[in-house]
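Student: Between the sequences and the hints, there should be enough to build the whole structure, so can you do that?
Each chain, letter by letter, is given below.
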Amino acid sequence: EDQVTQSPEALRLQEGESSSLNCSYTVSGLRGLFWYRQDPGKGPEFLFTLYSAGEEKEKERLKATLTKKESFLHITAPKPEDSATYLCAVFSSGNTGKLIFGQGTTLQVKP
Amino acid sequence: DTGVSQNPRHKITKRGQNVTFRCDPISEHNRLYWYRQTLGQGPEFLTYFQNEAQLEKSRLLSDRFSAERPKGSFSTLEIQRTEQGDSAMYLCASSGPGSYEQYFGPGTRLTVT
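Protein sequences, first through last, are from chains Y and F.
Just so we're aligned, residue 6 is where the first sequence starts under the working numbering, counting upward by one.
Just so we're aligned, residue 438 is where the second sequence starts under the working numbering, counting upward by one.
If you are wondering where the hints come from, they were derived from the structure by calculation, not from laboratory data.
One or more hints might be untrue.
[Claimed, not checked] Once the Cα atoms are required to be at most 35 Å apart in a straight line, the calculated DSBU-like pairs of lysine-lysine come out as: (1) Y:Lys-115 / F:Lys-451; (2) F:Lys-494 / Y:Lys-68; (3) F:Lys-448 / F:Lys-494; (4) Y:Lys-62 / F:Lys-451.
Tutor: Rendered as structure tokens:
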């Protein structure tokens, strides 16, 4: 059964303090790994798609990387507006279309 | 705004009542998905349409739940005889031909009292 585990569950950073969020996955043939940002009371906002080990994607202060077992979301010099829940999801060859999500990491960046 | 839209945004209902939610996907997206999200958890898959065909349903989708996409455009999700355990955020997403990337709507927050 496909599984996604994110750690830590919650992370508090000072503004400017860089860190990484982890997403570990077990899937039967990875076809894509996705990162989303979710603000309270809103739907997830698409950030990145990674397709194969070694791939990296960047957007502003965020950088996502992928290995055969996990993905990292690196946050460089975060700002308070980066505070949100970050969700990781996988799409595997065993599925017709659904994404399997982790439980998310809630990030709080203090000024 | 050309993103995914959902209505209503909030719904409060009494236990035992029926509710219906609507989702309008991004124009020309042929795939549409429904997910349910409870507090502190990631979204859980409910069902998936390609055009008007419902291709997959989760075991989470009991007989009280039904979804339609009659003309391959908007979709509706109906919950009959609501229970307190149905209280959650119901999310709709869509993706285009040849793409795995799913774009989510703002969700419908259901509260069953």
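Student: Are the Cα atoms of Lys-115 of chain Y and Lys-451 of chain F separated by 35 Å or less?
Tutor: violated, 40 Å
Student: What's the verdict on Lys-494 of chain F and Lys-68 of chain Y, does the C-alpha distance respect the 35 Å limit or exceed it?
Tutor: holds, 34 Å
Student: Quickly compare the C-alpha distance for Lys-62 of chain Y and Lys-451 of chain F to 35 Å and report which way the hint goes.
Tutor: Distance of about 46 Å is beyond 35 Å: violated.
Student: Given the hinted pair Lys-448 of chain F and Lys-494 of chain F, is their alpha-carbon gap at most 35 Å?
Tutor: Satisfied, since the Cα-Cα distance of roughly 23 Å is no more than 35 Å.
Of the hints listed earlier, those the structure fails to meet are numbers 1 and 4, in rising order.
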